[in-house]
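Protein chains in written order, with this note's numbering: chain A, 1240 to 1353; chain B, 101 to 214.
Honestly, the hints are just simulated from the structure, not real lab data. Treat the hints with caution; some may be incorrect.
Here are some, though not all, of the chain A residues that point toward chain B, as calculated from beta-carbon distances under 10 angstroms [to be verified]:
1) 1263
2) 1287
3) 1294
4) 1304
5) 1313
6) 1331
7) 1332
8) 1344
9) 1347
10) 1349
11) 1352
Just so we're clear, the structure is a prediction, and the values are computed from it rather than from any experiment. C-beta atoms are modelled at their ideal positions from N, C-alpha and C, and glycine is treated no differently.
The chain contents come next:
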Amino acid sequence: NAGVMQNPRHLVRRRGQEARLRCSPMKGHSHVYWYRQLPEEGLKFMVYLQKENIIDESGMPKERFSAEFPKEGPSILRIQQVVRGDSAAYFCASALGTTGNTIYFGEGSWLTVV
Amino acid sequence: AQSVAQPEDQVNVAEGNPLTVKCTYSVSGNPYLFWYVQYPNRGLQFLLKYITGDNLVKGSYGFEAEFNKSQTSFHLKKPSALVSDSALYFCAVRAKGIDDKIIFGKGTRLHILP
Chain A
1240 NAGVMQNPRH
1250 LVRRRGQEAR
1260 LRCSPMKGHS
1270 HVYWYRQLPE
1280 EGLKFMVYLQ
1290 KENIIDESGM
1300 PKERFSAEFP
1310 KEGPSILRIQ
1320 QVVRGDSAAY
1330 FCASALGTTG
1340 NTIYFGEGSW
1350 LTVV
Chain B
101 AQSVAQPEDQ
111 VNVAEGNPLT
121 VKCTYSVSGN
131 PYLFWYVQYP
141 NRGLQFLLKY
151 ITGDNLVKGS
161 YGFEAEFNKS
171 QTSFHLKKPS
181 ALVSDSALYF
191 CAVRAKGIDD
201 KIIFGKGTRL
211 HILP
């Protein structure tokens, strides 16, 4: 059973470009979470999605950031018009269900904005 | 709102000695508590979790954690540290609710000295 798959692992974008990060959850998992980790900092919650629904996006910046988890295909975290401050590691995690279920993380996507 | 505190940024322990990484939490209702470990440039790996039942939870790589409801703590422990235990450790809490996300502490860097 493959784990949570994230791609690309490393992405370099120039300021003003768009970044798209993809996450395929573990097989059978319908809950997806995105977190951001800045160097030497902890994990910041961004968004929690279930298939076709955004459940909690309280951690998402109001502008330029969006996320989706369509019925078919991976979850996508999209950052428009990237700025240097967006440089970070973005982690996706998935879970079978809620509450007591463990969430499992992917290896992360490292975004560098130049 | 739920929160997690890891009061120590860094913990240094000599190889072979017991180690403790501290975590306290605040949540409405029953807490579901987790520990994860992160090695450099990698995603988070699940170590153990407390859902209900026995307050002492055993996990991967010889780690264990003790849930203490009165002190709202969930400290991570290991009887004898290994150099390979050196990593970044995250405590996390989740509570059943509308916003069913997992909140992470800021992390504690564990250094095991040979």
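Against the structure, the hints:
1. 1263: Because about 14 angstroms separates residue 1263(A) from the closest Cβ in chain B, which is outside the 10 angstroms limit, the hint is violated.
2. 1287: Holds, about 5 angstroms.
3. 1294: This hint holds: residue 1294(A) lies near chain B, its Cβ roughly 7 angstroms from the closest one there, short of 10 angstroms.
4. 1304: Nearest chain B Cβ about 16 angstroms off; hint violated.
5. 1313: Violated - the Cβ of residue 1313(A) stays beyond 10 angstroms from chain B, reaching only about 16 angstroms at its closest.
6. 1331: holds (9 angstroms)
7. 1332: With a closest approach of 8 angstroms, the residue 1332(A) hint holds.
8. 1344: holds (4 angstroms)
9. 1347: holds (5 angstroms)
10. 1349: holds (8 angstroms)
11. 1352: Not OK, violated: residue 1352(A) not within 10 angstroms of chain B, min 18 angstroms.
Of the numbered hints stated above, those contradicted by the structure are hints 1, 4, 5, 11, listed in ascending order.
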